[in-house]
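K.L.:
Each chain, written out:
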Amino acid sequence: MTLRLPDALADEIRRHGETAYPAECCGAMVGRVEGAAKEVLRLSPAVNRRTDDPHRYLIAPDDLRRLEREVREAGQEIVGYYHSHPDHPARPSAFDAEHAWPWYSYLIVRIDRGRGVDMASWVLDDERPIMNPESLDVLSEV
Amino acid sequence: MSVTVSIPTPLRSFTGGRDAVAVVGTTVGQVLDELLAAHTGLKRHLVQDDGRLRTFVNLYLNDTDIRQLASTATPVTEGDVLTIVPSIAGGSPATETALPKLSHAEVLRYSRHLLLPEVGVEGQRKLKAARVLTIGAGGLGSPLSLYLAAAGVGTIGIVDFDVVDLTNLQRQIVHGTSTLGHSKLESAKARLTDLNPNVDIVGHEARLTSENALDIIRDYDIVVDGTDNFPTRYLVNDACVLLGKPNVYGSIFRFEGQASVFYAKEGPCYRCLYSEPPPPGLVPSCAEGGVLGVLPGIIGSIQALETIKWIIGAGDSLIGRLVLFDALKLRFRELKLRKDPSCPICGENPTIHELIDYQAFCGIGAEPDYAGVEIGVEDFRREREQKGDDLVLIDVREPHEWEIAHIDGARLIPLSQLPDRLGELDGHAEIVTHCHHGARSLKALEILRGAGFGKVRSLAGGIDAWAEQVEPGMARY
Chain A
0 MTLRLPDALA DEIRRHGETA YPAECCGAMV GRVEGAAKEV LRLSPAVNRR
50 TDDPHRYLIA PDDLRRLERE VREAGQEIVG YYHSHPDHPA RPSAFDAEHA
100 WPWYSYLIVR IDRGRGVDMA SWVLDDERPI MNPESLDVLS EV
Chain B
0 MSVTVSIPTP LRSFTGGRDA VAVVGTTVGQ VLDELLAAHT GLKRHLVQDD
50 GRLRTFVNLY LNDTDIRQLA STATPVTEGD VLTIVPSIAG GSPATETALP
100 KLSHAEVLRY SRHLLLPEVG VEGQRKLKAA RVLTIGAGGL GSPLSLYLAA
150 AGVGTIGIVD FDVVDLTNLQ RQIVHGTSTL GHSKLESAKA RLTDLNPNVD
200 IVGHEARLTS ENALDIIRDY DIVVDGTDNF PTRYLVNDAC VLLGKPNVYG
250 SIFRFEGQAS VFYAKEGPCY RCLYSEPPPP GLVPSCAEGG VLGVLPGIIG
300 SIQALETIKW IIGAGDSLIG RLVLFDALKL RFRELKLRKD PSCPICGENP
350 TIHELIDYQA FCGIGAEPDY AGVEIGVEDF RREREQKGDD LVLIDVREPH
400 EWEIAHIDGA RLIPLSQLPD RLGELDGHAE IVTHCHHGAR SLKALEILRG
450 AGFGKVRSLA GGIDAWAEQV EPGMARY
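Protein chains in written order, with numbering that gives the first Met the number 0: chain A, 0 to 141; chain B, 0 to 476.
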């Protein structure tokens, strides 16, 4: 699948990561599935429930249930999640892969010394805990 | 009892796309077992190898987390809804030390490596974990980055700020005709990602300077120097010594190349070999002197080889050895290098403790002031129209360059022959010298002035500027 992300939302993710730096930010990507693509329509920034370690993030199940319900009522879906890697590459850590769910897109943005740089999207392989890169289309506003 | 199990989106491919499944059982544990028996694909995502639920899998019976009830022993009644709720967790690798695993696709991709006992699965995983910084995406950087990416080095950083130019493509094989005019970083990233999408290519679009070098290099395990100038070479060396990183060195000129590994912890550094840079202008750059396109392919490949060997810990490294390669004779020679105890940065009493001004150290910027002795191509064209043959134009390039292109009416006197051929020139004539880009021409000007010629100027930008601004039909090189 391809993850389609509007420009403005990519910027929003970058800014979220910059604000949270040096800790990690996290959130859900809400949208719909269009053929072989997941299209992101909006973001739902989450509260990082891990405050003990700046290199970890956790979205609590209660927060997620609430969001899931809200999203479904709007006829949409959670297509994936984003989080930041402060001063680390935009690729999944072993911990990310260990905790990943199938199908969801895991978008990672690298924050380099407080500044958002590149981002990449990953999907869990059938053979867990391997994650494969997923094609990411950042769409400019028309 | 029949219970409805609500399936979250990511798991629906294992339940035939259904978002809810009816399952019979008397406890949560039984319902779960039945569910997993009916939809076996769910198992590895929900349950650990020891049979317990994965930590990030949460089960809610109606509206309550089963951990607050009797866990999997919680009884269920007809019509209950059991919901699987994901926790979403992750994090950056800061607290990890274990080597990354290889996917099946990676195992296949690297199978020829895995067959070598010196590499094997462990070596390949070390490559995947490795972070290599290449300075420059040019002649050496091209083969080097291609081989490192193909070999599966997990993170490759590239420092470059240049754009792809037509004269690059004779040797800079990571770029292509389709990326002419693009930034070299962008061009290299596209090609390397196509070669191996598993590799993370990190671009540093900057000139490496004393201000940014430590910050850029700090994040990498090993540095490969593909620069073509002395200030950057000393800068890379000093930064690597100060940070304790190995520096895989290579350099090329015309038909000859050199390679070594400088690692001050275990051997000499670049300053132990060359304590002082050559005077500016003495050693021409590839742009001035030319280089056989395949030569950086050989030297850059040696650098890639040494980098890979260092990462996997195989074989004998080039630490303490300088390899000299002569392409025309096809001969490799080897010199032993020793650590210099009086080396100003890695010796017993170092005097350099931080990065310095490398432009000044290499004498750049300390050249004589040429303002007023140069003439722009447009001014020259106008003046020549007025004065005709009274304005003598001397081309100080080599005959084979003259063959490529020359300005009508110019006289060819190669720089090397100029001191012996001064007698051919009229000491009272107005003279303009020119070369390819303007550097040799300034040297010619010094020779002429030193010999007493008074009215001498040099064509700024050389024949290249002339071709660009005055005579667009002329071949450029």
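Don't read these hints as lab results, they were simulated from the structure.
These numbers were taken from a predicted model, which means no experiment stands behind them.
Hints may be right or wrong, so weigh each one.
Stretch-level coverage of chain A by chain B, calculated; a stretch enters the list once three of its residues show a Cβ under 8 Å from a Cβ in chain B [stated by the list, open to error]:
(1) 58-64
(2) 86-93
(3) 98-111
(4) 125-136
In silico contact screen, one side only, chain B against chain A (beta carbon under 7 Å); selected entries [said to hold, decoys possible]:
(5) PHE55
(6) ASN57
(7) ASN61
(8) VAL84
(9) PRO85
(10) SER86
(11) ILE87
(12) ALA88
(13) GLY90
(14) SER102
(15) PRO116
(16) GLY119
(17) GLY180
(18) ASP199
(19) HIS203
Note that beta-carbon positions come from the ideal geometry of N, C-alpha and C, so glycine has one too.
K.L.:
Determine for every hint whether it applies to the structure shown.
P.N.:
These are the hints, each one checked on the structure:
Proximity of the region 58-64 of chain A to chain B, defined as three or more residues with a beta carbon under 8 Å from a beta carbon of that chain, is established by the 5 residues found. Coverage of the region 86-93 of chain A by chain B holds in this model, with 8 residues showing a Cβ closer than 8 Å to a Cβ of that chain against a need of three. Chain B is given as covering the region 98-111 of chain A, and this holds because 7 residues of the stretch bring a CB closer than 8 Å to a CB of that chain, at least three being needed. Restraint check on the region 125-136 of chain A versus chain B: 6 residues with Cβ-Cβ distances below 8 Å, three needed, restraint holds.
Because the smallest distance between the Cβ of PHE55 (chain B) and any Cβ of chain A comes to about 5 Å, under 7 Å, the interface hint for this residue holds. Taking 7 Å as the C-beta contact cut-off toward chain A, the hint placing ASN57 (chain B) at the interface holds, the least distance being around 4 Å. Hint status for ASN61 (chain B) relative to chain A: violated, with the closest Cβ pair at about 12 Å, above 7 Å. For VAL84 (chain B), the interface hint holds, the least distance from its beta-carbon to any beta-carbon of chain A being 4 Å, beneath 7 Å.
With a cut of 7 Å, the hint placing PRO85 (chain B) at the interface with chain A holds, because the nearest CB-to-CB distance is about 5 Å. With its C-beta approaching chain A no nearer than about 5 Å, SER86 (chain B) sits inside the 7 Å limit, and its interface hint holds. Hint status for ILE87 (chain B): holds, given a least beta-carbon distance of 4 Å to chain A, under 7 Å. A least Cβ separation of about 4 Å between ALA88 (chain B) and chain A falls short of the 7 Å threshold, and the interface hint therefore holds.
Annotation: GLY90 (chain B) was flagged as interfacial toward chain A, and the flag holds, the nearest CB pair being 4 Å apart, inside 7 Å. Annotation: interface hint on SER102 (chain B) holds; nearest CB of chain A at approximately 4 Å, less than 7 Å. The criterion of a C-beta within 7 Å of any C-beta in chain A is not met by PRO116 (chain B), whose closest approach is roughly 24 Å, and the hint is violated. Evaluation of the GLY119 (chain B) hint against chain A yields a violated restraint, the C-beta minimum of about 19 Å exceeding 7 Å.
The interface hint given for GLY180 (chain B) is violated, since its Cβ lies 21 Å from the closest Cβ of chain A, which is over the 7 Å cut-off. Interface restraint check: ASP199 (chain B) against chain A, minimum CB-CB distance 5 Å, threshold 7 Å, status holds. At about 10 Å, the closest approach between the beta carbon of HIS203 (chain B) and any beta carbon in chain A exceeds 7 Å, and the interface hint on this residue is violated.
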